[in-house]
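Q: This is what each chain is made of:
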Amino acid sequence: MSTCAAQSTNKVRLAVACCVNMCGAVHCSDIALVALHTKVPPIDHERVGKICEIPTVISSCPTRAISPDPAKKSVKINEEKCMYCGNCFTVCPAIDIHNPESDGVAIVVGGKIGSLRSAPKFSKLAIPFFYNEPPRWPKIIAAVKNILEVYAKNARKHERVGEWIDRIGWEKFFKLTGIEFTFQHIDDFTFMRETMRTTPAFKW
Amino acid sequence: MSTCAAQSTNKVRLAVACCVNMCGAVHCSDIALVALHTKVPPIDHERVGKICEIPTVISSCPTRAISPDPAKKSVKINEEKCMYCGNCFTVCPAIDIHNPESDGVAIVVGGKIGSLRSAPKFSKLAIPFFYNEPPRWPKIIAAVKNILEVYAKNARKHERVGEWIDRIGWEKFFKLTGIEFTFQHIDDFTFMRETMRTTPAFKW
Amino acid sequence: MSKKKHETPMLDELKKGPWPSFVKEIEKAAVKSETANDTLGQVEKSYRTRRGYWKHGGIVGVLGYGGGVIGRYTSLPEEFPGVKFFHTVRINQPSGWFYTSKALREICDIWDKYGSGLTNIHGSTGDLVLLGTNTESLEAIFAEYSSRGWDLGGSGSAMRTPSCCLGPARCEWSNINTLEINYQLTQEFQDELHRPAFPYKFKIKTSGCAVDCVASIARADLSIIGTWRGKIQIDQSEVQNYAKKGMNINAEIVNMCPTQCITYDGKEMKIDDAECSRCMHCIAKMTKALRPSGERGATLLMGSKAPIVVGSLLSWVIVPFIKLEPPYKELKELIRKMIEWWDENSKPRERIGEVIEIKGMRSFLEYIGVPPSPAQVKWPRKDPFIFFKDEDFEKVFKKGKY
Amino acid sequence: MSKKKHETPMLDELKKGPWPSFVKEIEKAAVKSETANDTLGQVEKSYRTRRGYWKHGGIVGVLGYGGGVIGRYTSLPEEFPGVKFFHTVRINQPSGWFYTSKALREICDIWDKYGSGLTNIHGSTGDLVLLGTNTESLEAIFAEYSSRGWDLGGSGSAMRTPSCCLGPARCEWSNINTLEINYQLTQEFQDELHRPAFPYKFKIKTSGCAVDCVASIARADLSIIGTWRGKIQIDQSEVQNYAKKGMNINAEIVNMCPTQCITYDGKEMKIDDAECSRCMHCIAKMTKALRPSGERGATLLMGSKAPIVVGSLLSWVIVPFIKLEPPYKELKELIRKMIEWWDENSKPRERIGEVIEIKGMRSFLEYIGVPPSPAQVKWPRKDPFIFFKDEDFEKVFKKGKY
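Chains as they are written, first to last, in the working numbering: chain A, 1 to 204; chain B, 205 to 408; chain C, 409 to 810; chain D, 811 to 1212.
Extracted from the complex, chain A is given alone in its bound form (with noise of 0.2 Å):
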């Protein structure tokens, strides 16, 4: 898909990450997927017992999420403050983060390794989720072929999608993609306070 971008701007570097490590540098990339859970994991508090380590577990959640259960020998989680990013899973199976149901993708764009021009970027969030829909995802696919084409038509030559979408402002960019701003695109992890626009003027 890249190459018909190429011709007219720069090219893309279209990755793709099995989990939110977004090993390889997919988390600067031009338009990257990647896999992510959206459910608090069920906690089989018997297996927790036996086949975990209970302070390995807390210490593992980067929210504090996870605090003793002393009554159930296990542990519990503040649904509150769990993003599902899995690590409790990583250091304790009987946390079972996966859920076919529920697991899914999001497209992060506009990332970039080097410092040509512009200094390397983090690929910022475009679309929150989309069902994970194998053989073939043709909603992703189709996702991306959208942001793709939008990018050729608007960059200009030599623009990558980062150095585009800064030119233009992320509003311009929700509004030329046609893609819906949820809660999901506001920064509510550690770093909100940068990423808040401090001024009125904005392009409509």
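Covered by chain A, according to a simulated footprint, are these stretches of chain B (three or more residues, beta-carbon under 8 Å):
id, segment
1, 319-331
2, 390-398
Using 30 Å as the maximum straight-line C-alpha spacing, the simulated DSS-like pairs for lysine-lysine come out as follows:
id, chain 1, residue 1, chain 2, residue 2
3, C, K453, B, K343
4, B, K243, D, K1205
5, A, K145, A, K39
6, B, K280, D, K1199
7, D, K855, C, K797
8, D, K1208, B, K285
9, B, K361, C, K639
Since the hints were made in silico from the structure, they are not lab data.
Quick caveat: nothing in here was measured; it's all calculated off a predicted structure.
Note that beta-carbon positions come from the ideal geometry of N, C-alpha and C, so glycine has one too.
Dock chains B, C and D against chain A, hints included.
A: Structure of chains B, C and D alone, referenced to chain A:
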């Protein structure tokens, strides 16, 4: 002083703050002076017990540097964490932050309150410390004059101080003004992450 | 009445030169006022010893009001008895700071009677500030000012005195009636202003355009900024007049436009309005040639504060566009909801911007009934750690709204 | 040897079309390998049930080495016995990934003998990756590869296999000998690479210029980027050649220069080198006309990492400029100091960038002996909450060094 610069560039809002709260948007000035303390305050333990509410004192510290000192029925300050804001003194006069020998003045530059052309900006640290030299503070005046003159000579018409620096880069600002860059300039308060330069593309 | 009590060699230095001198002004007040006289002495001592001697705290006020007066004292009452009390009185300024000279005389005459005679017109808050009086005089001061139609401003954990730019009264750039909005909000929130019951202070400032002359984005919990939805109308003959008078339109206007949406070929100026971010640069520099058109209203931004305690914030966009017309019902209701949410979610002494940061934009936006918008952010989130609610799947993702 | 064991209707879909298909490739391997055969079956099941069945963990390895092999297993060993074990073997790639076809054949032949035959050339880490073998075969695999001069790469809490761009071997933009630097660092840190003793992983990647083809700033704890101190030399006749061949030099080069330091009047190109940030755009697009000159060396940046656990980081500047010439003594000593500081200040599983963020730049810079520089930051601190040490007054402020 702002009149000389105004002729070729833009206005300069020169502001002075008597404490680090920088009331009245001093923290968004083209050039501002801010008075600050630079030493961990001594604690008058006897008075703390008499005139201060210990939980209030502890919770007043933004860096959690203050903890109880039960033996003395007072508090203690972790010297590594204290950045001398004086918030504890506000709630407890027995922790007297005043120190004529080490209190002084910093110069910050490049702030902007409105959204004309570019978004509002916080002023950033230019010079971390001057000794307090009443009644005329000659070294501070000379330093401000230097910054103003370099700005007036190098900025484009209509460019505010912060817009000029953003265009040329902070490394160039330090080079042109001859101001020494110190450890104090590197943000180590709470927002270091967004301030680090994540590219080798800077100016010598 | 009182002659100069203190030698002030250091302050005397500051009377030299062609500029206004605060020392000369305080000396004038000191002729009539013991408080001003001892102020001079204490400031001289501060210059000499390089430290301050003011302390604040201790609640002072007038009957029926919880705020408006800020208690201030010297820490050296024996050395400077005139400033044993040096309270600050905030007077609620009129919208846009318009006074008749008669009104100013009236204010000063009353102040000469009860206070130091020193004023701060205007303080950072926007209020007209009277500097230096004692606790005993407060009821009399309040009685006299209020009998002439003046009121105290806000202080403490309360709605602070709203303030606004001078707006349509003096400025052709204003997109909203800042003066009327400010007046209406001041009336609407009288109770919240005078009887502190909030977790912390709450400031509202209103500017007519993005130039934001009242610095609302730098220091108001709620920043109301006038704007428009429509084209910038261009008077080409006036464009030519600017060029004739020596403006380098390409260098000063076209190249400095942050979105690069303007072109000028020496004859005609064109603006690609779809790309315009309404930053006001071209309009401010070529006011006679350029003028917004279409619907007027405001962008609401929230959350700014000064550095203490855990760092400064600038206000950010909450409501990208809101119509603002009398009786401003939607705005008033929205502000009440904002305050309600803050009240329910805040610890003491947390500003609303800090609480939104802690609880997240979603909680706040859902409560006040404002949808998410790309105008609220500079860019979307980076890390793929995303919170979902069950309803999101029903409402958004199952419907394929993307 | 083994025929296709599993029906794979969903995977069969992915054999259609003109593109390469991973399904076709695994099927080829499955003819000879039970492991590859059951891989197909398990992947088909994952497609059908929409979940994965791999699990990792459980230390596996070879005698004398602490890393280089990553244990991997199916969670369905009874259904797919061929992938009961599916360990990954990392082979330390040569600098710049240069191989003879003979070497590749050798690698594959050995792998066909002991593993699934499936490879990943190359993995994200830079290593040549062999996919799918069992625990019992590991010693034999290692013995056979090492007898031919190959070595395992790094894994776990260790120095990871350093990697670099192809540098001067194939690219005229390279400012440093990336291949030699990478080789020397790999040799220097053999012990740290094979015997995990760090708080967490530590990656070094070296690029010859700011284009950074190995993505070092996005994914290395230490990013070494070649650069220069000197002018960009301009061959004006080659500039004209680009123009003649149809390049719009003003649109493509002048206007896209991030520092706007280039001018071109249709005849002559000029560069204001003092304003150049060495971003490589003009050089990359006009390689025949533009060439750096002067001193060569590198900028060292540190700290990048992927999102897990508390968010991604990009590397930031630590050493603005360092000369890099054999035997690279200064670089090697600096890296040892970086690791020492990390080791002393880190909790388990904290990357060095995270620790620098927690402890502050000063602690780190002072330890490794690098002075503060404006090149390290995008902008200086904003809030006036500033830490001072007593020595700062003696060394800096009393001397009036500003």
